[in-house]
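Residue numbers (our numbering), protein chains in the order written: chain A, 1 to 227; chain B, 1 to 317.
Where hints are given, some of them may not hold.
To give a feel for the contact side, a few chain B residues facing chain A, derived at Cβ under 7 Å [as the list claims (entries may be wrong)]: (1) F175; (2) S176; (3) P177; (4) I180; (5) L181; (6) E296; (7) G299; (8) A300; (9) I303; (10) V306; (11) A307; (12) V310; (13) F314.
Here are the in silico distance ranges between beta carbons for each label pair [as the list claims (entries may be wrong)]: (14) L184(A) with L208(B): 51 to 61 Å; (15) L101(B) with L184(A): 48 to 58 Å; (16) G85(A) with L286(B): 16 to 26 Å; (17) S40(B) with G209(A): 48 to 58 Å.
Computed list of chain B residues with no C-beta within reach of chain A, every gap over 12 Å [what the hints assert, rightly or not]: (18) L9; (19) V25; (20) Q34; (21) R37; (22) R57; (23) P91; (24) D99; (25) L101; (26) F112; (27) T121; (28) G221; (29) H254; (30) T256; (31) L278; (32) R293; (33) S295.
Hints were generated in silico from the structure; no laboratory data involved. Heads up, the beta-carbon is just placed ideally off N, CA and C, and yes, glycines get one too.
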Amino acid sequence: MPSSVAEALNTLCAGLILISAFVMVATRQVQGVLRFFIVQSFLLAVSSAVLGFGRNSVHLWTLAAITIVAKVIAIPWVLRRLLPGDYYERREIAQAVNIPASLLLALLLTVLAEFLVAPIAAATNDAVIRVNLPIGLAGVLIGAYSLMARREAIPQLIGILAMENGAFFAGVAIAPELPIIAELAVAVDVVLIAIVVGLLTRTIHQTLGTTEAASLSKLKEETPVWR
Amino acid sequence: MIQTVFFNLLQVLFVLAFAPLYAGVLARLREIVQSKRGPSIIQPYRDIFKLFHKDERVSEQATWIFRVTPYLVFVTPIFVTILIPVLTDYPLVFAFMGDMLAGGFFLGIAGFFAALAAVDTGNPYGPMGASRTRMVGFLAEPVFMIVFFTVSFVAQSTIPYIVQQRWVANVGAFFSPAHILLLIAFLMLILAEGGRIPVDNPSGHFELAMIDESKGLEYSGRGAALMKWGGQMKFLVLTCIFLNVLVAPWGLAHGTTIAAVLAAVPSILVKILIFAMLLVAIETSLAKLRLFRISEFLGAAFITSVAAMVTSIFPGG
Numbered sequence: 001m002p003s004s005v006a007e008a009l010n011t012l013c014a015g016l017i018l019i020s021a022f023v024m025v026a027t028r029q030v031q032g033v034l035r036f037f038i039v040q041s042f043l044l045a046v047s048s049a050v051l052g053f054g055r056n057s058v059h060l061w062t063l064a065a066i067t068i069v070a071k072v073i074a075i076p077w078v079l080r081r082l083l084p085g086d087y088y089e090r091r092e093i094a095q096a097v098n099i100p101a102s103l104l105l106a107l108l109l110t111v112l113a114e115f116l117v118a119p120i121a122a123a124t125n126d127a128v129i130r131v132n133l134p135i136g137l138a139g140v141l142i143g144a145y146s147l148m149a150r151r152e153a154i155p156q157l158i159g160i161l162a163m164e165n166g167a168f169f170a171g172v173a174i175a176p177e178l179p180i181i182a183e184l185a186v187a188v189d190v191v192l193i194a195i196v197v198g199l200l201t202r203t204i205h206q207t208l209g210t211t212e213a214a215s216l217s218k219l220k221e222e223t224p225v226w227r
Numbered sequence: 001m002i003q004t005v006f007f008n009l010l011q012v013l014f015v016l017a018f019a020p021l022y023a024g025v026l027a028r029l030r031e032i033v034q035s036k037r038g039p040s041i042i043q044p045y046r047d048i049f050k051l052f053h054k055d056e057r058v059s060e061q062a063t064w065i066f067r068v069t070p071y072l073v074f075v076t077p078i079f080v081t082i083l084i085p086v087l088t089d090y091p092l093v094f095a096f097m098g099d100m101l102a103g104g105f106f107l108g109i110a111g112f113f114a115a116l117a118a119v120d121t122g123n124p125y126g127p128m129g130a131s132r133t134r135m136v137g138f139l140a141e142p143v144f145m146i147v148f149f150t151v152s153f154v155a156q157s158t159i160p161y162i163v164q165q166r167w168v169a170n171v172g173a174f175f176s177p178a179h180i181l182l183l184i185a186f187l188m189l190i191l192a193e194g195g196r197i198p199v200d201n202p203s204g205h206f207e208l209a210m211i212d213e214s215k216g217l218e219y220s221g222r223g224a225a226l227m228k229w230g231g232q233m234k235f236l237v238l239t240c241i242f243l244n245v246l247v248a249p250w251g252l253a254h255g256t257t258i259a260a261v262l263a264a265v266p267s268i269l270v271k272i273l274i275f276a277m278l279l280v281a282i283e284t285s286l287a288k289l290r291l292f293r294i295s296e297f298l299g300a301a302f303i304t305s306v307a308a309m310v311t312s313i314f315p316g317g
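Chain A extracted, bound-state conformation:
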């Protein structure tokens, strides 16, 4: 595959990754947030596989494979297994900031990311860096924002993971030859975070019947039954 086609496809993925970040902010249902996280991770894998073809880099193919295994398959599976199905159908009504305002803030964060990256992007001729860096940074910022604005535990976790996705997307462009062991460590780390948060959420859910982070600070009189 010629590298110009690869770059065009990578750019397409970049646009779709940004859109899926917006959609994750706009979605109320826990299930929807998880679905769009899977979509985003899949796009990430596609973009690094395509760049791998364009640059003939086995390294980037491995990255794509790791992303598919860890984020498209393992994390959703772990989260699905740990929490009951009705948890995912729940809609998050009481967000700290309502959705239109959240979207506006996400937009401002995108502008901020573009603004911060503009001097760096202007200094390079690499088309991939110019596309990936601002959108990756926007992904990190939007993930951090949804970590703050969300009230439910699992969407908060997905906010962290979306931050990681953004960093990964920017990283593929800046440092495509990062040692594979570092990438593997991150991938395992991310799955472990998902397991730990999932287990904790499961216990809280079983004990208190809610996982709304805001109401967890209230005192509860009965002694918790740890299972």
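Position chain B relative to chain A; hints supplied.
Chain B only, in chain A's frame:
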């Protein structure tokens, strides 16, 4: 000169002739997806023919606005048609009379008079529908403007023909994040402006839930036919702008002979059919939004269009 005038007339004829067919195909496809047979695809032609042969009744309370509106609603999409590329990819004689903003103004006039006419009679459902359409309209307006500004910023022009040539000439720009975001924003805009499902139900017959349809409730006979036909043409024109200028500027006639222009007709129809399938997929997989959720829907469209603008302004977009 004479020839390009003729081609322009041909474009108008294309829109006049195929707008009811487009509506019919959309309705039929939707019924097929829902495992029903549905009406024939030429049913809209029969409806219009029947309405033209019926008596027209006008309320005694109605003023001239009510009588003029059907003609305006019918004529404005034709004016837009002569400004945009429908069949040819080179500018025709009237192409430089007005840009995309002019097209927006034309459709805006029709919408304005349709809302006034709905308030004009004593029917309680008319003003309700009119105020709802205005609500959707003023929420859609900023999206339209941002999309328009972004497109003209990228293409350095506001004439649709030149914008379209920028996308043809530059395949790299086609895949840019700005373009993808822009397409999604404009698609959401078409859904809102055309009264399609997440915003409005085009086949709904329940007056309290109507947004777009209730404006034409008072019309009968020729007025109703013109309103119906005009609405269908407006939707076809919006689709043509979306497909020929923004998404897929391929398949348009390049040669200047009559045969080349006529040969473009089937390829445009195929493009529209593919778009109709996409539209039906969207419409059957989504539920109609509650009235006050529409602002969220169009807010999301606005955010998408501004994100498109941002990524197109900064380097790398």
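Taking the hints in turn, this is what the structure says about them:
1. F175: 4 Å, holds
2. S176: Holds: closest Cβ of chain A sits about 6 Å from S176(B), inside 7 Å.
3. P177: Hint on P177(B): holds, closest Cβ of chain A at ~3 Å, below 7 Å.
4. I180: At 4 Å from the nearest chain A Cβ, I180(B) passes the 7 Å test, so the hint holds.
5. L181: 6 Å, holds
6. E296: 6 Å, holds
7. G299: 4 Å, holds
8. A300: Holds, about 6 Å.
9. I303: Given a least distance of 5 Å, the restraint on I303(B) holds.
10. V306: With a closest approach of 6 Å, the V306(B) hint holds.
11. A307: Status holds, d = 6 Å.
12. V310: Given a least distance of 5 Å, the restraint on V310(B) holds.
13. F314: Since the shortest Cβ distance to chain A is 4 Å, the answer is holds.
14. L184(A) with L208(B): 51 to 61 Å: For L184(A) and L208(B) the Cβ distance comes to about 59 Å; the hint holds.
15. L101(B) with L184(A): 48 to 58 Å: Holds, since L101(B) and L184(A) (Cβ atoms, about 54 Å apart) stay within the stated range.
16. G85(A) with L286(B): 16 to 26 Å: Taking Cβ atoms as reference, G85(A) and L286(B) lie about 23 Å apart, which means the hint holds.
17. S40(B) with G209(A): 48 to 58 Å: Since the Cβ atoms of S40(B) and G209(A) sit about 55 Å apart, the hinted range of 48 to 58 Å holds.
18. L9: The assertion about L9(B) holds, with a minimum of 39 Å to chain A.
19. V25: V25(B) clear of chain A: closest Cβ-Cβ about 29 Å, beyond 12 Å.
20. Q34: Non-interface label on Q34(B) holds, nearest chain A Cβ at 24 Å vs cutoff 12 Å.
21. R37: Correct as stated: the minimum Cβ-Cβ distance to chain A is 34 Å, above 12 Å.
22. R57: 44 Å, holds
23. P91: 28 Å, holds
24. D99: Its Cβ never comes within 12 Å of chain A, the nearest being 26 Å, so this holds.
25. L101: Per Cβ check, L101(B) is outside 12 Å of chain A; nearest 24 Å; holds.
26. F112: Correct as stated: the minimum Cβ-Cβ distance to chain A is 27 Å, above 12 Å.
27. T121: 35 Å, holds
28. G221: Since the minimum Cβ distance to chain A is about 43 Å, G221(B) lies beyond 12 Å and the statement holds.
29. H254: Holds: least Cβ distance 24 Å, greater than 12 Å.
30. T256: Given a closest Cβ separation of 32 Å, the condition holds.
31. L278: 16 Å, holds
32. R293: 10 Å, violated
33. S295: Violated, because the least Cβ-Cβ distance between S295(B) and chain A comes to about 7 Å, which does not exceed 12 Å.
In summary, the numbered hints that this structure violates are 32, 33.
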